[in-house]
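Undergrad: Chains as they are written, first to last, in the working numbering: chain Y, 1 to 307; chain D, 1001 to 1400; chain E, 2001 to 2483.
Incorrect hints may have been included.
Just some of the chain E residues that point at chain D, by a computed CB distance under 7 Å [claimed, not checked]:
#1 A2028
#2 L2030
#3 K2099
#4 L2103
#5 S2105
#6 S2125
#7 V2144
#8 A2333
#9 P2339
Derived lysine to aspartate or glutamate pairs resembling EDC-like cross-links, with alpha carbons at most 20 Å apart [what the hints assert, rightly or not]:
#10 E:K2325 with D:D1329
#11 E:K2099 with D:E1346
#12 E:K2338 with D:D1023
#13 E:K2338 with E:E2043
#14 Y:K288 with E:E2277
#15 E:K2325 with E:D2366
#16 Y:K288 with Y:D277
#17 E:K2325 with D:D1330
#18 E:K2338 with D:D1330
#19 E:K2338 with D:D1329
#20 E:K2099 with D:D1329
#21 E:K2099 with E:D2023
#22 Y:K288 with E:D2441
#23 E:K2338 with E:D2441
#24 E:K2325 with E:D2123
#25 E:K2325 with D:D1328
#26 Y:K251 with E:D2187
#27 Y:K288 with E:D2453
#28 E:K2338 with E:E2408
#29 E:K2325 with D:E1088
#30 Y:K288 with E:D2023
#31 E:K2338 with D:E1088
#32 E:K2338 with E:E2319
Rather than coming from a laboratory, the hints here were simulated on the basis of the structure.
Predicted model, so just to flag it, every value in this text is computed and none were measured.
All C-beta atoms, glycine included, are put in the ideal place defined by N, C-alpha and C.
The lines below spell out each chain.
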Amino acid sequence: MAGPSSPALDSFAAAVAADGLVAVEGGRTHWEIGGLCPAETRLVRAPAGVRSFDPAEMTVRVGAGTLVEELDAALAEAGQRANLPVAANATVGGVLAVGRDGLHALGRGRLRDALLEAVYASDEGRLVKAGGPTVKNVSGFDLCRLLVGSLGTLGLVGEVVLRTWPRPAAGIWMAGQCAPRELRRRLYWPSSILWDGRTSWVHLEGHEPDVEAEASLARSLGCETVDGPPPLPDFRVPAGALDAQAPDARKPRGRFVVQVGTGTAYVSAPGPAPDPDPAVVVLHRRLKAQFDPRGRLNPGRDPLAAA
Amino acid sequence: MSAAGSSGVGSDDSAPKPALGIDPEALASCVACGLCLPHCPTFRATGEEWASPRGRINAMRQVQDHGAPVDRTFLAAMDTCVQCRGCEPACPSGVPFGSMMEAVQAAAARGGRRGWRRWGFRILGRRRLLNFASRLLAVAQRLRLVPSKRLGLPRIPLAQRRLRASGHDVWLFTGCVMDAWQRSVHAAVKRVVESTGTGVALPGAGGGCCGALSRHAGLEDHARLLAVRTMAALPGDAPILVDSAGCGAALKEYGELLGTPEAEAFSARVSDVHEWLAQHAERLPPPSGSSRPPTVAVHDPCHLRHVQRVHQSVAEVLARYAIVVPLDDDGLCCGAGGAYAAMQPELAASIRARKLSAIERGGADIVASANPGCTIHLANAGVGVRHPLEIVDEVLEYER
Amino acid sequence: MRFPRAKEHDPLVADLKRALAPDRVRSAPLERSIMSRDASIFEGGRAGPVCFPLSTEEVQRCVQTAGRHGRAVVPRGAGTGLAGGAVPLEAPVVVVTTKMNRLLSVDADRRMAWVQPGMINLDLSRAVAAHGLHFAPDPSSQQVCSLGGNVGTNAGGPHCLAHGVTSAHVLAVEVVLMSGEAVVLGDPRGFAPGLDLRGAYVGSEGMLGVTTAVAVRLTPNPPTVQTLLLAFDSVDAAAQTVSAVVADGIVPAAIEMMDNNIIRAVEEFVGAGFPTEAAAVVIAEVDGLPGGVAAEAGRVAELAAARGASVRWAADEQERALLWKGRKSAFGAIARIKPDYYLHDTVVPRTRLAEIMNRVYEIVEDHGLLVMNVFHAGDGNLHPMLLFDRREPGVMARVHAAGAAIIEASLAVGGVLSGEHGIGIEKRDFMPQMFSEDDLDAQARLRRAFDPDEMANPGKVLPLGASCAEVNALGQAPEGVWG
């Protein structure tokens, strides 16, 4: 069959096709993550705007250059949302390329599972479709998962189809001195549990009576209602880096916040990252060589170094 | 049954197309969905497809439909089947696996592959010879001349007290090996049945072996002969109660085996003793409640659960007198399978290992098994196993 | 049926036996022919030696030995796949993981477990039930299918609507690559820096390597569950209700639909109490905390009643189990009507369900076949079952043609080829209807990054010519694959 196409996508692909190093620019909220592109890198922008949204389908097709806030507002009108972290200036494509989960990944699911279909421009400027527009799909290899968190090093995403979810009626943040493990064990489906070494934060959402019941359970564990979550330190590390058995030299210093259930911690001063398994490094190298043999796409960026 | 078997099945370089004599409709009815796999004890023990119902049916098709030879691989796949028929209730397509396997066994027997069993199972039909041989065996055991453990034999009693009839309301089928080796179970069963105010009659001469083992080994002629004898030994209209699940299943299938109206009528009279007691539960004496009831794990014999499908009645009867602990292994076979434990000792032991861990998880004082083969097989692994009605009998005795 | 000739002294078999153990390599013609099929309708398979490793190291040795002999490797779990993904083509070494069936470790606090690939899906949920946890993906074959196979096909199931398919429940996989190297993709805690190799691997149908261990995410058992049986006078009304529920902002734990033909077949088999006169029934299940469950179940019942449904609320766990037993027995129950079935699997946008169902009935009638529909309506995942008797001359051609027409119709309304069974052999040659050459080329690149010589399960998923690989040894779909 013919590839996906629209005038905006075609001109995006044409821009990528032109010679030289090329990177896609979003809201620059995490511009330095995984390394900086050389100065001569040409910057392109993905198409912006919601292309189609059928609330009864609970999927949305949106240009990768769309602001997440704008998408969120469009979906909110139908009482829905996508499972992307909402932040000022961040674009849909940027958030997916960086691959950081939202704060609520524990309850709402991982960012990597939000993406149903992606249309990207390949290193040769061809439009390639990965995945499919339905909520369930196992037609061929799952390239979508590979694109999330790839920092645009395998292809430059122009348009995506995301799964949407109902926006729950109620939600509150609570915090207290109880152990995050205890919160996780006692509460049925908290959307987020954060822990900074002393204080635990928990977010509850859902139907009003359920949130109230869960909140009173959390209160019995020593939590009180608060305005919101703590600010996250800048650097993302595997939560294992904070474990007692992690070697001291690699221990992060300063402030940290563990995002329970995602294996992730945010730290203000990461220690040196452990060397990844050489076999994993080889697979990264081979994937890059297969998808971008000339090394044109987002040069200088390394997903393995994306702290 | 097809008559084509005898020439083709015996040799590896079979000349004409070897027919196994399996009903073609039955053979075509498997859709290979695989839902039987976890319910097959040999698949659970080995994880190998040829040791599963789906694999075995596939192998049967290769031979019957595609002319593959009956070779050692094929026979190994067939002979490792316990014939527990656990696959049958699991099969959404209703594949009659048990009868297909019996057809294969019959074809193998026609091919002359059942030499010693043909001879060995003959003894079962001769009560005096069996009792005499058992007595010899018992003496030999006492003299440590027999490696009982390795052969999977229980401790055989030197002498047994004779059972006496107490009326004509119901028959109690006593069987062959069970009567020779475990007559005390019959005695207990008889007392429990009598406690409902029922008079128990005992079969006359010839009412020995039900023929199940012969049938499973494909020795159909012998099985038919024993069936006719058994029917003659249990005349009249009175219900026939059976306290061995394997024998009960065989008796209930006489109609199918012999294909006569008499056999049909006979089979209709047969009940597992627990099935009958559950139907007459109101006549069972109540427990006094003064003694602590034992905690009992009920092992469902395959022929009660998958063939007769009345295994619930064991728990129903027992629950009046004991705390019944369910096993969490979906009633998977224990590996006894009639003569199976003796024929395939290694597989039988690994199948049993799974059952043993389920029993251990259950944490009961004792295990109840309504089939002598299972009892012997489990007891050999050091498990305390009793017939369910022995347990009931003991509780009742205590109350008296 | 071709039988591979057993070589008396096959050096490959001898080497494999040395690498494993003599009794865990099977090479007799009958043993190979048994392994040449899975639960699909494909018959053209041909297995080479069949290996039963017990450990990662043994899998490595199998793969290395196969590699030394230039032979491809096909991983196989319980063999319940419906797309022919485990059907070996051209006598590869078949690596069966059923003996690797142990639960390696459970971390109840972190809600994860490491399991071997041969562990049965339902056995895992049972093993962790004491912790109040379960493994969410529940394919209809869950009592027999293996977790390695679940990873290979990115398996789904009724309860994947709210909680996601297998990929969302796999934290890490240990994989033996075709180089013989073992590597862990992903991280059992949930975050591994770098590309999501784990995500790329799940659903790769054994074409990137052999799974030797899986770190699974475990889901807490819901405190409240409400199951509803909705009976409708028309398929349209049932389909519209499903769309209406979704549009209402409800994501039930499961919404399953069955049409009249299958209702009657299942009733005869299990007697679940389905109304045999209904044109369609929908099983809707809502789970979670009591407030939400009450509100959403009530709303589902309202939406259904507004479309003329009679609503039955499952009163207790027993009734709920019976309803599900009816649903999950569907695939086999139909064999009481015809000995063979071809179970299809496409996905359409949920709002197009009613339309596509009618189209399926038309197609099947045009081809003179019988169809039964039982499917995951909540995510638009159709499962038309075409019933036939393969002994009937010419029937396979009609079955094939009807299948092709259903695929075409599904794609035409914006659907996809497969929702959960995978592509395998079955839909390999339909891939160009959904993907462009560039799209397929990208998938082939992913494959080559993991398996440059294309030695893992060759001949599946990617249509020939999709890979830039010069010559594909297979030529074309093996003769007899379509019976």
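Undergrad: Next step is simple, just say for each hint if it's right about the structure.
TA: So, going through the hints one by one against the coordinates:
1. Here the hint on E:A2028 is kept, as its CB sits about 4 Å from the closest CB of chain D, short of 7 Å.
2. Using the Cβ-Cβ criterion of 7 Å, the hint placing E:L2030 at the interface with chain D is satisfied: the shortest such distance is roughly 4 Å.
3. Checking E:K2099 against chain D by beta carbon gives a least distance of about 4 Å; that is within 7 Å, so the hint holds.
4. Using the Cβ-Cβ criterion of 7 Å, the hint placing E:L2103 at the interface with chain D is not satisfied: the shortest such distance is roughly 13 Å.
5. Proximity of E:S2105 to chain D is violated relative to the hint, the smallest CB-CB distance being about 18 Å (cut-off 7 Å).
6. Against a cut-off of 7 Å between C-beta atoms, the interface hint on E:S2125 is violated, since the closest Cβ of chain D lies about 13 Å away.
7. With its C-beta approaching chain D no nearer than about 5 Å, E:V2144 sits inside the 7 Å limit, and its interface hint holds.
8. Nearest Cβ of chain D to the Cβ of E:A2333: about 5 Å, under the 7 Å cut. The hint holds.
9. This hint holds: E:P2339 has a C-beta 5 Å from the nearest C-beta of chain D, less than the 7 Å allowed.
10. Restraint check: the Cα-Cα separation between E:K2325 and D:D1329 comes to about 18 Å, which is no more than 20 Å; the hinted pair holds.
11. About 17 Å separates the Cα atoms of E:K2099 and D:E1346, which keeps this hinted pair within 20 Å; it holds.
12. At most 20 Å may separate the alpha-carbon atoms for a hinted pair to count; E:K2338 and D:D1023 meet this at roughly 16 Å.
13. Using a Cα cut-off of 20 Å, the hinted pair E:K2338 and E:E2043 holds, with the two alpha carbons roughly 18 Å apart.
14. In summary, the hint linking Y:K288 to E:E2277 is not supported, as the alpha carbons are separated by about 58 Å, beyond the 20 Å threshold.
15. Pair hint E:K2325 plus E:D2366 does not hold up; C-alpha atoms about 32 Å apart against a cutoff of 20 Å.
16. In summary, the hint linking Y:K288 to Y:D277 is supported, as the alpha carbons are separated by about 17 Å, within the 20 Å threshold.
17. Restraint check for E:K2325 and D:D1330: satisfied, since their Cα atoms lie roughly 15 Å apart, inside the 20 Å limit.
18. At most 20 Å may separate the alpha-carbon atoms for a hinted pair to count; E:K2338 and D:D1330 exceed this at roughly 29 Å.
19. Between E:K2338 and D:D1329 the CA atoms are separated by roughly 32 Å; this puts the pair beyond 20 Å, and the hint is violated.
20. Only pairs whose Cα atoms come within 20 Å are accepted, and E:K2099 paired with D:D1329 is accepted, the gap being roughly 18 Å.
21. For the hint linking E:K2099 to E:D2023, the alpha-carbon distance of about 13 Å falls within 20 Å, and the restraint holds.
22. With a CA separation close to 15 Å, the supplied pair Y:K288 and E:D2441 stays within the 20 Å bound.
23. Using a Cα cut-off of 20 Å, the hinted pair E:K2338 and E:D2441 is violated, with the two alpha carbons roughly 40 Å apart.
24. Taken as a hint, the E:K2325 and E:D2123 pair is honoured in the structure, with Cα atoms around 17 Å apart against an allowance of 20 Å.
25. Distance check on the hinted pair: E:K2325 and D:D1328 sit about 18 Å apart at the alpha-carbon level, within 20 Å; holds.
26. For the hint pairing Y:K251 with E:D2187, the CA-to-CA distance comes to about 19 Å; that is within 20 Å, so the pair holds.
27. Note on Y:K288 and E:D2453: the hinted pairing holds, with a Cα-Cα distance of about 17 Å set against a maximum of 20 Å.
28. For the given pair, E:K2338 sits about 25 Å from E:E2408 by alpha-carbon distance, which is inconsistent with the 20 Å threshold.
29. About 16 Å separates the Cα atoms of E:K2325 and D:E1088, which keeps this hinted pair within 20 Å; it holds.
30. In summary, the hint linking Y:K288 to E:D2023 is not supported, as the alpha carbons are separated by about 43 Å, beyond the 20 Å threshold.
31. Between E:K2338 and D:E1088 the alpha-carbon distance is near 18 Å, which keeps this suggested pair within the 20 Å criterion.
32. Using a Cα cut-off of 20 Å, the hinted pair E:K2338 and E:E2319 is violated, with the two alpha carbons roughly 29 Å apart.
Comparing the model with each earlier hint shows violations of hints 4, 5, 6, 14, 15, 18, 19, 23, 28, 30 and 32; every other hint is respected.
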